[in-house]
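Participant: Assemble the complex: chain A is given as a structure, and chain B with the ligand must be docked to it using the hints.
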Amino acid sequence: MNWLRSFWNSTIGKKIVMAVTGLVGIGFVIGHMVGNLQAFEGAEKINAYGRFLHHTIGTELWIIRVILIVAVILHVVAAVQLTRLSNAARPRDYVRGRVPQVSTLASRTMRWGGLLLLVFIIVHVMHFTTRTFPGYDRLDATGSVDIYHNLVTAFSNPWWVLFYLVSMAALALHLYHGAWSSMRTIGASKPSAHPLKRVLPLLIAIVVAGGFVVIPLAVLSGVLR
Amino acid sequence: MNLTLHVWRQAGPTAEGKLVKYEAHDVEPEMSFLEMLDVVNERLIESGDEPIVFDHDCREGICGACGVMINGVAHGPEIGTATCQLHMRSFRDGDVVYVEPWRSRGFPVVRDLMVDRSALDRIIASGGYVSVRTGGTPDGNDIPVPKVDADMSMDAAACIGCGACVAACPNGSASLFTAAKISHLGLLPQGQAERDGRALSMVARMDEEQFGHCTFFGECQEACPKEISIDTIVRMNRDFLRASLKRGSHAGDAGAD
Ligand code: FES
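Residue numbers (our numbering), protein chains in the order written: chain A, 1 to 225; chain B, 1 to 257.
Don't take each hint at face value.
[Claimed, not checked] Using 25 Å as the maximum straight-line C-alpha spacing, the simulated PhoX-like pairs for lysine-lysine come out as follows:
{"no.": "1", "chain 1": "B", "residue 1": "LYS147", "chain 2": "B", "residue 2": "LYS226"}
{"no.": "2", "chain 1": "B", "residue 1": "LYS147", "chain 2": "A", "residue 2": "LYS190"}
{"no.": "3", "chain 1": "B", "residue 1": "LYS246", "chain 2": "A", "residue 2": "LYS197"}
{"no.": "4", "chain 1": "B", "residue 1": "LYS226", "chain 2": "A", "residue 2": "LYS190"}
{"no.": "5", "chain 1": "A", "residue 1": "LYS190", "chain 2": "B", "residue 2": "LYS246"}
[To be verified] Simulated restraints, written as ranges between beta carbons of each label pair:
{"no.": "6", "chain 1": "B", "residue 1": "ARG89", "chain 2": "A", "residue 2": "VAL102", "range": "18 to 28 Å"}
{"no.": "7", "chain 1": "B", "residue 1": "HIS250", "chain 2": "A", "residue 2": "ASN157", "range": "55 to 65 Å"}
{"no.": "8", "chain 1": "A", "residue 1": "LEU115", "chain 2": "B", "residue 2": "GLU42", "range": "47 to 57 Å"}
{"no.": "9", "chain 1": "A", "residue 1": "VAL102", "chain 2": "B", "residue 2": "GLU35", "range": "22 to 32 Å"}
{"no.": "10", "chain 1": "B", "residue 1": "GLN190", "chain 2": "A", "residue 2": "ASP93", "range": "37 to 47 Å"}
By construction, these hints were calculated from the structure, which means they are not laboratory data.
Yeah, the Cβ is synthetic: ideal placement off N, Cα and C, and Gly gets one too.
Extracted from the complex, chain A is given alone in its bound form (with noise of 0.2 Å):
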């Protein structure tokens, strides 16, 4: 296994995984946005989501989780030794400090905005999945978990609302510049005469994180109660 060991040793190896975790990512989120429509179609349709997702395919779900457990893994534990590297690679810095000339924003905030997506990673498997904050163990008729209550409980409250909104900003700027370079990284991207240039990543970032913020700015609306 040493062709592994050198692989995950080299800089392109560790961006590739990221790249491959983050791909794996991105379906996921796209996959969970569509899912979290079903709220306006009511309490019943939610509802039965999350019966389907945890009963009916509670097996296929957890391997699902696993793989994705992993994923976030891998692609922290890479991104945070490529960023000791990066930041040992120039320990002196220039006086009057790099002017960025085409980076973009998202491309600059990856790290920090990564940061962010994490904590709310974990905030928001506390909050909706494990159910550890008080109010949100009620159960429907059906005796299942009663998301649709979950979701207005939470985002009649501001400061959820608002958590969530920042956090869906970091996950956009995240979402177009890893779905653009992700593709680059493993090397699958076609030579262009505008090798910066990127639409569907913008579309990406664009739908997924407008689909997830249409719920807390719903509920908070009163559009659903």
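Facilitator: Chain B with the ligand in isolation, oriented as in the chain A frame:
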């Protein structure tokens, strides 16, 4: 025009350096940036001071010897030009100009604005070549090369090894340099035999020299005096990935690695 310069002065590799302020008078717009420094140096020599040390050779943008950070931008404000080809018409009377050496762990400062870029030579030595027996010049078009490949290869081969990509990269990565060489040779039929090994060994050397990784900021492409595309980095990553996977499957065949 008159400029105020803040130039990095450092007596030697281990000496503490600092920015020193100089007034540059009577700068003509048609002077190159290096000629402007020459004029400043003349005055320094006249007044018995040490002239500012900077690297230069061809002064026509083809050798890659020159290169400094000008107001936080590698090779200064003009796109696709080395410092020697940057002209003072890009500046205005009264401008304040900060001049600093490339900053990278892989580029230790030798003196003032001059850095040691032999790390780039070591990356080339690790695989940036095609091993062929020397002999008579091969006939032209003896080995057919598709026009598109030849063009892309030539674009990558334009790299002059100045190090601006490293200097401009937020991660201090030498990816564009390494990728340019890997693409230049990997696109040609003559480069195929050693393509896998080249990708693995050049990337390994780049890492050993402790350059940073590539996050696709795109700053290197913008800084490159030869405007080499970050698409070469996509190619390098693809070659590296393929070579790694092949090595993995061979290790599987042999039962151990
Ligand atoms: S001195 Fe040769 S490229 Fe500038």
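Participant: All hints, please: hold or fail.
Facilitator: Going through the hints against the structure:
1. Restraint check for B:LYS147 and B:LYS226: satisfied, since their Cα atoms lie roughly 20 Å apart, inside the 25 Å limit.
2. Of the supplied pair hints, the one linking B:LYS147 and A:LYS190 holds, its CA atoms being roughly 17 Å apart against a limit of 25 Å.
3. Proximity of B:LYS246 to A:LYS197 is assessed by CA-CA distance (about 32 Å); at most 25 Å being required, the pair is judged violated.
4. A distance of roughly 21 Å separates the Cα atoms of B:LYS226 and A:LYS190; the hinted pair therefore holds under the 25 Å criterion.
5. Between A:LYS190 and B:LYS246 the CA atoms are separated by roughly 22 Å; this keeps the pair inside 25 Å, and the hint holds.
6. Checked against the hint of 18 to 28 Å, the pair B:ARG89 and A:VAL102 passes, with Cβ atoms roughly 23 Å apart.
7. Checked against the hint of 55 to 65 Å, the C-beta distance between B:HIS250 and A:ASN157 comes to roughly 58 Å, which is consistent with it.
8. For A:LEU115 and B:GLU42, the hinted distance range of 47 to 57 Å is satisfied, since their beta carbons lie about 52 Å from each other.
9. For A:VAL102 paired with B:GLU35, a C-beta distance near 29 Å keeps the hint of 22 to 32 Å intact.
10. A hinted range of 37 to 47 Å holds for the C-beta pair B:GLN190 and A:ASP93, which are about 41 Å apart.
Figure legend: structure checked against the earlier numbered hints; the only hint not met is number 3.
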